[in-house]
Amino acid sequence: MIREILNWLKTDMGCVITGSKEDLVFHHINPDEKEFEISKCATMAMQRVMDELDKCVVLNSSVHGKVHSILDGDQVTEFPEELVEFMEKFYAWTHDGTSWHPILNIVR
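My numbering numbers the first residue of the sequence shown as 245 and each following residue consecutively.
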């Protein structure tokens, strides 16, 4: 039952970057706050799953891979323009037209 609800939620929300409704995953914004993988929660209490979902956004699996590649320091050269805004908002990374890099002197 939980798996069906999660699949419905993903499809209903779609990828926050591309709007795609296909091949979706839940992505934890802050890996330090991650208690478990959403895909492995079939037997957990629904409230615990919902609390974990509050730490996530929905991404298309292709975009998800690009986000992790950028955070790992790889130079991703093909990406939707909306990825720049997402990376700036959630991770303080930007693209200068040539390469990805952390934004310096950030006030939080």
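The hints are simulated quantities; they were obtained by calculation from the structure and are not laboratory data.
A couple of the hints might just be wrong.
When the alpha-carbon atoms are kept at most 30 Å apart in a straight line, the in silico BS3-like pairs for lysine-lysine are as follows [claimed, not checked]:
1. K254 / K284
2. K265 / K299
3. K299 / K254
Derived CB-CB ranges, DEER-like [stated by the list, open to error]:
4. M288 / E332: 18 to 24 Å
5. G263 / D295: 23 to 29 Å
6. L297 / K333: 15 to 21 Å
7. T338 / D295: 28 to 34 Å
Note that the Cβ used here is the ideal one computed from N, Cα and C, for glycine as well.
Okay, the hints, checked on the actual structure:
1. Taking the CA atoms of K254 and K284, the gap is about 15 Å. The hint holds against a cut of 30 Å.
2. For the hint pairing K265 with K299, the CA-to-CA distance comes to about 20 Å; that is within 30 Å, so the pair holds.
3. Note on K299 and K254: the hinted pairing holds, with a Cα-Cα distance of about 14 Å set against a maximum of 30 Å.
4. About 33 Å separates the C-beta atoms of M288 and E332, a value inconsistent with the hinted range of 18 to 24 Å.
5. As the Cβ distance of G263 to D295 is approximately 26 Å, the hint placing it in 23 to 29 Å holds.
6. Our hint of 15 to 21 Å for L297 and K333 holds, since their Cβ atoms are close to 19 Å apart.
7. For T338 paired with D295, a C-beta distance near 31 Å keeps the hint of 28 to 34 Å intact.
Consistency with the previously given hints fails for number 4 only.
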